[in-house]
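Asks: Here are the chains, one letter per residue:
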Amino acid sequence: NAGVTQTPKFQVLKTGQSMTLQCAQDMNHNSMYWYRQDPGMGLRLIYYSASEGTTDKGEVPNGYNVSRLNKREFSLRLESAAPSQTSVYFCAMVGTVNTEAFFGQGTRLTVV
Amino acid sequence: GDSVTQMEGPVTLSEEAFLTINCTYTATGYPSLFWYVQYPGEGLQLLLKATKADDKGSNKGFEATYRKETTSFHLEKGSVQVSDSAVYFCALSAGTGNQFYFGTGTSLTVIP
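Protein chains in written order, with the working numbering: chain A, 1 to 112; chain B, 1 to 112.
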């Protein structure tokens, strides 16, 4: 998964706490994504950013905010974590139309 | 809207058995189609892709053919190995912002 770096790899939060998941890419691609992966649900798109300065909601945006700080970085913020947000979060990037997506290693988040 | 439906698992096969994982899609335009593989504890890696009708993607002994008439992109391998044990995701990319849509994933276990 060279090219996409996610931090942290693991995190445990208490209900109501906030945190930001970081994602950075070094391939100068325009489009970046945040997905969550849950058993039996596949990957569900939370937010995406087609280019620097733009963000759009995906399938499951409630409870999350994002920021495309520059072309390289795309962060995901949980303002008030809930147990339903326990999941594995993946950041991905895509270069041009219909080329493949490159994924980070994931962040395993547990909210207790 | 665009979507991907893939065969539910889990699938358990003996080494050297033939593998088929079914994938069908719904898309309004002319999507590109992908198979991704996820090994335990890792992010998703591209396995193969096809960008237009009748294209065949192949990699590491896996193959899939883009069939527009049946809106399918089934994954096949003639002889599986223990090292092929992983979760396989079918995906499509179409539309503005290069949105990716994933199936729910199929877990494959290959036993010696």
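Honestly, the hints are just simulated from the structure, not real lab data. Keep in mind that the hints are not guaranteed to be accurate.
[Stated by the list, open to error] In the DMTMM-like style, the derived pairs of lysine to aspartate or glutamate whose C-alpha atoms are separated by at most 20 Å in a straight line are: (1) A:K9 / A:D56; (2) B:K52 / B:E76; (3) B:K60 / B:E76; (4) A:K57 / B:E42; (5) A:K9 / B:D2; (6) B:K56 / B:E42.
Asks: Determine for every hint whether it applies to the structure shown.
Replies: Here is how each hint holds up against the structure:
At roughly 25 Å between alpha-carbon atoms, A:K9 and A:D56 are farther apart than 20 Å, so this suggested pair is violated. For the proposed pair B:K52 and B:E76, the alpha carbon gap of about 18 Å is at most 20 Å, so the pair holds. The straight-line distance between the Cα atoms of B:K60 and B:E76 is roughly 11 Å, inside the 20 Å bound, and the hint therefore holds. Between A:K57 and B:E42 the alpha-carbon distance is near 25 Å, which puts this suggested pair outside the 20 Å criterion.
This hinted pair does not check out: A:K9 and B:D2 have alpha carbons roughly 31 Å apart, beyond 20 Å. Restraint check for B:K56 and B:E42: the C-alpha separation of about 26 Å exceeds 20 Å, so the hint is violated.
The structure fails hints 1, 4, 5, 6 (numbered hints given earlier, in ascending order).
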